[in-house]
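Enquirer: Using the sequences and the hints, build the whole thing.
Protein chains in written order, with this note's numbering: chain B, 109 to 446; chain X, 109 to 446; chain Y, 109 to 446; chain D, 109 to 446.
Just so you know, not all the hints are guaranteed correct.
If chains are identical, the list can't say which one is meant, so a pair holds when it fits in one copy or spans any two.
Claimed, not checked - The calculated lysine-lysine pairs, modelled on DSS-like cross-linking and capped at a C-alpha distance of 30 Å, are:
(1) K111 x K245
(2) K375 x K358
(3) K245 x K375
(4) K356 x K312
Since the hints were made in silico from the structure, they are not lab data.
4 protein chains.
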Amino acid sequence: MLKVGIMGASGYAGEELIRILLVHPEVRLTVVAAKIKKTAICNLYPWLKGRLDLECRDMSAEEISGKCDCIFLALPHKVSMQFAPLFLKKGKRVIDLSADFRLRDLDVYEKWYEVKHTCPGYIEKAVYGLPEFYREKIKKADLIANPGCYPTSIILGSAPLLKKGLADAGSIICDSKSGVSGAGRVPAQAFMFTELQNSFRAYKVNAHRHMPEIDQELSTINGADVRVNFVPHLVPMERGMLSTIYLKLKKAVDTEAALKIYRDFYKGEYFIRVLDGGGYPDTRNVVRSNFCDIGLRVFPERSMAVVMSAIDNLTKGASGQAVQNMNIMYGLEERMGL
Amino acid sequence: MLKVGIMGASGYAGEELIRILLVHPEVRLTVVAAKIKKTAICNLYPWLKGRLDLECRDMSAEEISGKCDCIFLALPHKVSMQFAPLFLKKGKRVIDLSADFRLRDLDVYEKWYEVKHTCPGYIEKAVYGLPEFYREKIKKADLIANPGCYPTSIILGSAPLLKKGLADAGSIICDSKSGVSGAGRVPAQAFMFTELQNSFRAYKVNAHRHMPEIDQELSTINGADVRVNFVPHLVPMERGMLSTIYLKLKKAVDTEAALKIYRDFYKGEYFIRVLDGGGYPDTRNVVRSNFCDIGLRVFPERSMAVVMSAIDNLTKGASGQAVQNMNIMYGLEERMGL
Amino acid sequence: MLKVGIMGASGYAGEELIRILLVHPEVRLTVVAAKIKKTAICNLYPWLKGRLDLECRDMSAEEISGKCDCIFLALPHKVSMQFAPLFLKKGKRVIDLSADFRLRDLDVYEKWYEVKHTCPGYIEKAVYGLPEFYREKIKKADLIANPGCYPTSIILGSAPLLKKGLADAGSIICDSKSGVSGAGRVPAQAFMFTELQNSFRAYKVNAHRHMPEIDQELSTINGADVRVNFVPHLVPMERGMLSTIYLKLKKAVDTEAALKIYRDFYKGEYFIRVLDGGGYPDTRNVVRSNFCDIGLRVFPERSMAVVMSAIDNLTKGASGQAVQNMNIMYGLEERMGL
Amino acid sequence: MLKVGIMGASGYAGEELIRILLVHPEVRLTVVAAKIKKTAICNLYPWLKGRLDLECRDMSAEEISGKCDCIFLALPHKVSMQFAPLFLKKGKRVIDLSADFRLRDLDVYEKWYEVKHTCPGYIEKAVYGLPEFYREKIKKADLIANPGCYPTSIILGSAPLLKKGLADAGSIICDSKSGVSGAGRVPAQAFMFTELQNSFRAYKVNAHRHMPEIDQELSTINGADVRVNFVPHLVPMERGMLSTIYLKLKKAVDTEAALKIYRDFYKGEYFIRVLDGGGYPDTRNVVRSNFCDIGLRVFPERSMAVVMSAIDNLTKGASGQAVQNMNIMYGLEERMGL
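Expert: Shown next as structure tokens:
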């Protein structure tokens, strides 16, 4: 049994990690740490009553290391980079759900996150934890930079056409919509029930911190610079995310041909489901699962492809993917517990 | 034109007052004060852009008095009682939406609200602003204690049977359900969208501060002590409130007879709609209106009446009723602007 | 591996059975039958794409019997009783989620369900599938009458006080609130999103078909006739159910004593969680689980106990409980897959 | 007082017309017709109890004409064109909320709506009822083709940049999101509460019937052919619509310059609110109002403008705009009753 700990158990990604790891057959959850006053974890999450008997409290890296083989950091950026090196130096493996090790260009990180990186040497040691693209590296990694939710949905949705050289890299538009849990668990008026039940709006147009991450990964896939337009929106629902991606085509393909490209590209990928020609990905079908549903339509006469990509922002977009990475790192069946 | 001001414009009751008064044909809204940093009211409530050009800021009673004939206090309890006397001494009329002047028994107030009353002499000057019961007094009042939302729905729902001496005063059960706006606009984790979308629960069983208010008013109507059981619940919707009231009958009546009692009791009351025998009050039908919909079923063989009473907690349960009171106080048509 | 089939796979209880059985380690789901045009089950439920490769179609009892050891009937009442005997005669075991075998008094059944029972002889063979009360009988049963959702929440919530002789059996009030999935999957205007998002209302006051079922079971527990008042309400959320139960006490106990009675009564019952004194059951904590959370407050000076009982109407209130019964019938660990 | 009738009172656009006209100071609502069994309108819409005493039933054009000066057709397309000529021949003025007279090219209409137009001669008599563009023609019109909801939000959001010749007409992307009421009031499983509460998805990618209407109107504004990409999505909320519009810029402007263009373009237009540079239109701020809130961001280095345009799909997107048209046609103050 793998002994596993969570730092940052008091946020939604932490809670989702608990939900998944609790029933994972090869894992024993030994630590749920958070910067809060000591309390039973089931006081924080009453649905855990009778199911998980752990104390949630602030713990040192030292103490956590003594109890775990693998540590999930469900911490805010800036905080993760303080802890990751401590665990790594003790020979532990770390899966970081923050952005601290995702951006390979230090300047880009420091510009977008407005903070000095305290351990830049670890950035190149980190593997970007998108298993469909970096599985082999993940197997051997000690530090996973678990992808952001928006990047996950957008990269998975646009990669096949980009990789094939079919999409114009300079005009990609990503219109994404996320459930409210993406905003985190810290109280704020903007995320009160009363403010959101009848609300739909965009935010951070081309100014969201996930944008450089998308650009970085799509550039790698494309083999040349990609710079997307990225507009996130807030949907009045708890979980789920849909990205609608507009790709200008460089060569004429039709919907069936494009679907074949996607099916071939994701062949053998259990968690990627390419829908049939008439299908529309719906967040409802992926919520609380690690699946990414992809649908598309091509309009050859417009040289336009519209790709829709749906995930659960907390699962494939965060904690589910983190567990998928853990499974790969430890040689377990990739879909175990998911 | 009546010059009207709102203190506490930054809360939901304040916002609802603005919504109503904005289109009231005999009112000019001159003050929207709140303990916040000075800003245009349309920054606080963007739906007001182009519709109301007022500055929202902290203002002294002195300054407000200079601009208003009538002041609505949409303030927390404890705060209202500091301001009401200041306005009254200047000859202004005050409609207080807090609980500070509702409870006639000082001890009861101080016990339930855990605070010393700073102007107890004003309590007896205040008129409980439930127009269907105290219209004549309201006409002449300078200080209105505007009823709480739960009390409004429960008193209107149970009064006719109590007044007729048909209901047992010792065993009344009020099972109430409220939309989330009743919890106010101050951020708290318990009221985040993510925490509530799939949540239904009771709170403050027989411990809610509206209970002594219900008891007081029903006792007056009954002519003898009433002590209800009162269990409020939180419904995942923005607005609306339903109280299901269980009354043990002392004499045999049937549904039709009971409905007739209600129709007679509320004859001429525009805002009280007694539904037909088969009708179920639905919050959907009263939301954003000042109506109270009442439906009932009597089970003579069980000596049980079940009364259902629906209002909008922010309208008939707060700001709409406050404006109804204002209309009465100033000799305007009672339903004007509502 | 137990071979299991579902009749009525196209409704919400059927879908929930699939969700649970899909990951049950000792079950192979071999049949998903429904009275619809033949289609892959993942066309009906797109979340199943890649996860369950079965065809959903109308199938004869004969054919189903050839493929299953145990059959779940997620059928409307009146339909279940046509099929149950066919399976039983072939030596299969049947778990019926309809009401057809729940009511032991034939007249009561025929009055409330307005239909002639076609196989009354099977009623006494059926075991009421509430494991916390009838576990030993369930072990040997071939036909389970799986309880209704409202009865499950109400029986579990009120049994301990009744059994102890502490509650007055003649004045029980059950004010229940259910998520919308309880209304089923057949389209109707009253259950459209647009009609319900801002709606809260009661329905079928003392006229719901679950009432005689509650009376029957509570009478058995009480050892004498019980006749509850039962008022169901519709909550604008997909799943979850809370019953607030008002019990008149015959003897003085306080909250702690009552909690002790509940804890003793449900000792060893994994799925029943009696909350601490300050706890409020919240549907959010039981959704998609088979747990029943119970909280209570006693008011000795009022001789009143208020019990709150939360379940997921589709899980402990239907399909989860059905699987719990299956586990018991086949000697599997009771919580397996749940 | 203008005597006004509604055909199609049983749908959401009809209900919204009633909501607005009920409090319109210069209108008397005399007819609420619908193809249903005769019933009081307050049985159809219980919120109208005590507020509107009209019978809703199937009525002939003859009978309606006798009671009304102006008729709103809130009918399905294909049905409107059967009735409009009957009223016009009797000298009545007609505001048609269907699509039957919106498309000036008969072939386009017949292709997209898959039906033969029965009175093509009326198409050129009809005025497209977007007051901000066609106010002078509307004044004299007898037949208004009231715009669709998506076209309203998209035309208002993109017109200023197009008109100025700043936007590339060949690459416009309209990513629109609508509340559920846009789907109408006829029951269908896809629009049940249980199916939608956690659902977000696109539908009819470049295949929605509003697309040719958008193309037609933007082409007129642009002075040359425009062919947009149009992807509508369904948001789990009752009302409200946001369109996010991506415009490729032909000349360099910055956000402030673009905002100035919008402010100048809509100068004096009460219902169009151009937000400040930092503003994000939110459906919450326009719901139940006739306002259209527009925000934008320009990225000169990308030659990209992102415009966001929010309306209430039932108000500015349907019935509110229809009443605005009526006000203009009859020389009333344009915002009266809105």
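Enquirer: Now look at each hint and say whether the structure bears it out.
Expert: To see whether the hints hold, each was checked on the structure:
1. K111 x K245: within (22 Å within a copy, 41 Å between copies)
2. K375 x K358: within (24 Å within a copy, 41 Å between copies)
3. K245 x K375: Within one copy only: 19 Å inside, 50 Å across.
4. K356 x K312: both (24 Å within a copy, 19 Å between copies)
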